[in-house]
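One-letter residues, chain by chain:
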Amino acid sequence: MFAWFRTDIIIEYWPLFLQGLKTTLILTAIGIFFGTILGLFLGLGKIANVERGFWKWPVQLMIRLPSQIYIGFFRGTPLFVQILLIHFALVPLLIHPEDGVLIQGEWALYLKREYGAMISGALALSLNSAAYIAEIFRAGIQSIDRGQFEAARSLGLSYFHTMKSIIIPQAFRRMLPPLGNEAITLLKDSSLVSAIGLAELAYAARTAAGAYARYWEPYLFISVLYLVITLAMSFMVHRLEKRYQSA
Amino acid sequence: MIKIQNLQKYFGSKQVLKDVSCEIKDNEVVCVIGPSGSGKSTFLRCINALETAQGGSIDVDSFIVTSAETDLNKLRAHAGMVFQRFNLFPHKTALENIMLAPMKVKGLSAAAAEAKGKELLARVGLAEKADSYPSELSGGQQQRVAIARALAMEPQVMLFDEPTSALDPEMVGEVLDVIKSLAHEGKTMIVVTHEMGFARQVSDRIMFMDQGQIVEQGPPEKIFSAAENERTRTFLSKVLLHHQ
Numbered sequence: 001m002f003a004w005f006r007t008d009i010i011i012e013y014w015p016l017f018l019q020g021l022k023t024t025l026i027l028t029a030i031g032i033f034f035g036t037i038l039g040l041f042l043g044l045g046k047i048a049n050v051e052r053g054f055w056k057w058p059v060q061l062m063i064r065l066p067s068q069i070y071i072g073f074f075r076g077t078p079l080f081v082q083i084l085l086i087h088f089a090l091v092p093l094l095i096h097p098e099d100g101v102l103i104q105g106e107w108a109l110y111l112k113r114e115y116g117a118m119i120s121g122a123l124a125l126s127l128n129s130a131a132y133i134a135e136i137f138r139a140g141i142q143s144i145d146r147g148q149f150e151a152a153r154s155l156g157l158s159y160f161h162t163m164k165s166i167i168i169p170q171a172f173r174r175m176l177p178p179l180g181n182e183a184i185t186l187l188k189d190s191s192l193v194s195a196i197g198l199a200e201l202a203y204a205a206r207t208a209a210g211a212y213a214r215y216w217e218p219y220l221f222i223s224v225l226y227l228v229i230t231l232a233m234s235f236m237v238h239r240l241e242k243r244y245q246s247a
Numbered sequence: 248m249i250k251i252q253n254l255q256k257y258f259g260s261k262q263v264l265k266d267v268s269c270e271i272k273d274n275e276v277v278c279v280i281g282p283s284g285s286g287k288s289t290f291l292r293c294i295n296a297l298e299t300a301q302g303g304s305i306d307v308d309s310f311i312v313t314s315a316e317t318d319l320n321k322l323r324a325h326a327g328m329v330f331q332r333f334n335l336f337p338h339k340t341a342l343e344n345i346m347l348a349p350m351k352v353k354g355l356s357a358a359a360a361e362a363k364g365k366e367l368l369a370r371v372g373l374a375e376k377a378d379s380y381p382s383e384l385s386g387g388q389q390q391r392v393a394i395a396r397a398l399a400m401e402p403q404v405m406l407f408d409e410p411t412s413a414l415d416p417e418m419v420g421e422v423l424d425v426i427k428s429l430a431h432e433g434k435t436m437i438v439v440t441h442e443m444g445f446a447r448q449v450s451d452r453i454m455f456m457d458q459g460q461i462v463e464q465g466p467p468e469k470i471f472s473a474a475e476n477e478r479t480r481t482f483l484s485k486v487l488l489h490h491q
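Chains Y and W supply the protein sequences, listed in that same order. Using our numbering, read the first sequence as starting at 1 and increasing by one per residue. Using our numbering, read the second sequence as starting at 248 and increasing by one per residue.
Don't read these hints as lab results, they were simulated from the structure. No residue lacks a Cβ here, since even glycine has one placed at the ideal position from N, Cα and C. Warning: the hint list may mix true and false statements.
In silico BS3-like cross-links for lysine-lysine, where the CA-CA straight-line distance does not exceed 25 Å [to be verified]:
#1 W:Lys339 with Y:Lys242
#2 W:Lys353 with W:Lys261
#3 W:Lys339 with Y:Lys56
#4 W:Lys250 with W:Lys363
Covered stretches of chain W (chain Y as the covering partner; in silico rule of three or more C-beta atoms under 8 Å from a C-beta of chain Y) [claimed, not checked]:
#5 249-258
#6 295-301
#7 410-422
Computed far set for chain W versus chain Y, every beta-carbon distance over 10 Å [unchecked claim]:
#8 Gly284
#9 Asp378
#10 Gly444
#11 Asp451
Only chain Y is shown next, with the shape it has when bound in the complex:
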């Protein structure tokens, strides 16, 4: 029944697929890690508020507004465009042998040659997922009953301690399902970075497909790989949810 399926193509390109799988997983892990850290700060920044006194306007203009603009931009424009913008415009501005803002000279040349697409891809996915994760944090924090915040503050706890000890631990349980969804989205979206020549799964499939002009085999094969990983991720998130519910 599956005689038409030419497994030899998959076998021949096996090292490339394996390398692609590794790159996809690394990209996703980096995106989740930095996206979560940056997303937490952005989410807190978007709802930061000082009711009165000297800090009211500095907080509004320096923290709240930039967070809102950042989230608005990364959620309101296509990831594909962001990847191109970051790879061809932002990263060359920051890392350039002659006039890089962050890194110049030999070091810049080396980074660019060895890791150019990886840096851009990881950066784009991290920055993009941070915007979505920020919204998840914001929604999670705002879903906690206001009485919890008031009770903590009424005991003399600072805003920082209230967030860290009372609000975020409770919000985190509610954020697990949407965070799991975001991780799955990120895994799938990582296929877009093949456009800048980063050899992840989709790039591997395109290479194999191009060589043999056969499209079913490579793309079905990576579809199965993506599916297995996303199912495994859902399973892990589900287990985590269960564990936190019983605690």
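Fit chain W to the supplied structure of chain Y, relying on the hints for placement.
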């Protein structure tokens, strides 16, 4: 000593506190009564700055609540609050609820905070519930833990915002008993309540609020039997009739 002068508070364009002024002496127990929406909870919440007043001044034992320079965290450690809906931290046990603030705010060691927590739990009659989570406690027990949690900061002033309104009737007594025992110890207390019998029994003074103003105040005997103001008398006749 709490000194409040010309307190003003708006929610949007609606004025909920109109020029409220009063003084509360050290160790005095004041019950604030009045119809729903009269501004009594808002009044209480202004005292520890959970609500920001838009005009007037509040001085709680020399903490100028209405000044931007005041460290509100210190003020709040000085003036404990008990809420209508308990607001215990659901992810922490009864004991952990009590230990948290002394450790984070006052820098007590875990051992010292635990000893204090256990002592306070025993005092509110819940020594055996130290390791229970709030969801495993009845409403009355949760509120008693909440009182112990507030007491752990050794506040000079205790604010109670309708502490029994969310309780099943059979649990009101156990919570009021704890509050009464505090009143006898001589803490400054302001209690917003609908429990008239309790107010009459424990308070040194009753304040009747209506439409954002303190309409009348005085010793409980006077308010309950010989109120001067018509609105006070109407309110009391309604609630007292209802309670019989």
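**OP:** Against chain Y, does Gly444 of chain W hold up as non-interface, every C-beta pair farther apart than 10 Å?
**Re:** holds (27 Å)
**OP:** Please count how many residues of the stretch 249-258 of chain W have a CB within 8 Å of a CB from chain Y and say whether that reaches 3.
**Re:** violated (count 0)
Subject >> Three-residue Cβ test at 8 Å for the coverage of the stretch 295-301 of chain W by chain Y >> reply: The restraint on the stretch 295-301 of chain W holds, since 3 of its residues have a Cβ under 8 Å from chain Y and three suffice.
Subject >> Least C-beta distance from Gly284 of chain W to chain Y larger than 10 Å >> reply: holds (19 Å)
Original post:
Quick one, are Lys339 of chain W and Lys56 of chain Y close enough, alpha carbons at most 25 Å?
Top reply: Since the Cα atoms of Lys339 of chain W and Lys56 of chain Y sit roughly 32 Å apart, the hinted pair is violated (cutoff 25 Å).
Subject >> Proposed proximity, Lys363 of chain W with Lys250 of chain W (alpha carbon, max 25 Å) >> reply: violated (31 Å)
Original post:
Is it true that the CA of Lys353 of chain W sits at most 25 Å from the CA of Lys261 of chain W?
Top reply: Violated, at about 39 Å.
Original post:
CA of Lys339 of chain W to CA of Lys242 of chain Y, is that 25 Å or under?
Top reply: holds (18 Å)
Original post:
For Asp378 of chain W, which was marked as not at the interface, is the minimum beta-carbon distance to chain Y over 10 Å?
Top reply: holds (14 Å)
**OP:** Examine each Cβ of chain Y, and state whether all of them lie more than 10 Å from the Cβ of Asp451 of chain W.
**Re:** Per Cβ check, Asp451 of chain W is outside 10 Å of chain Y; nearest 24 Å; holds.
**OP:** Take the stretch 410-422 of chain W, compare each residue's beta carbon with every beta carbon of chain Y, and decide whether three or more fall closer than 8 Å.
**Re:** violated (count 0)
Violation of the numbered hints given earlier is confined to hints 2, 3, 4, 5 and 7; the remaining hints are satisfied by the structure.
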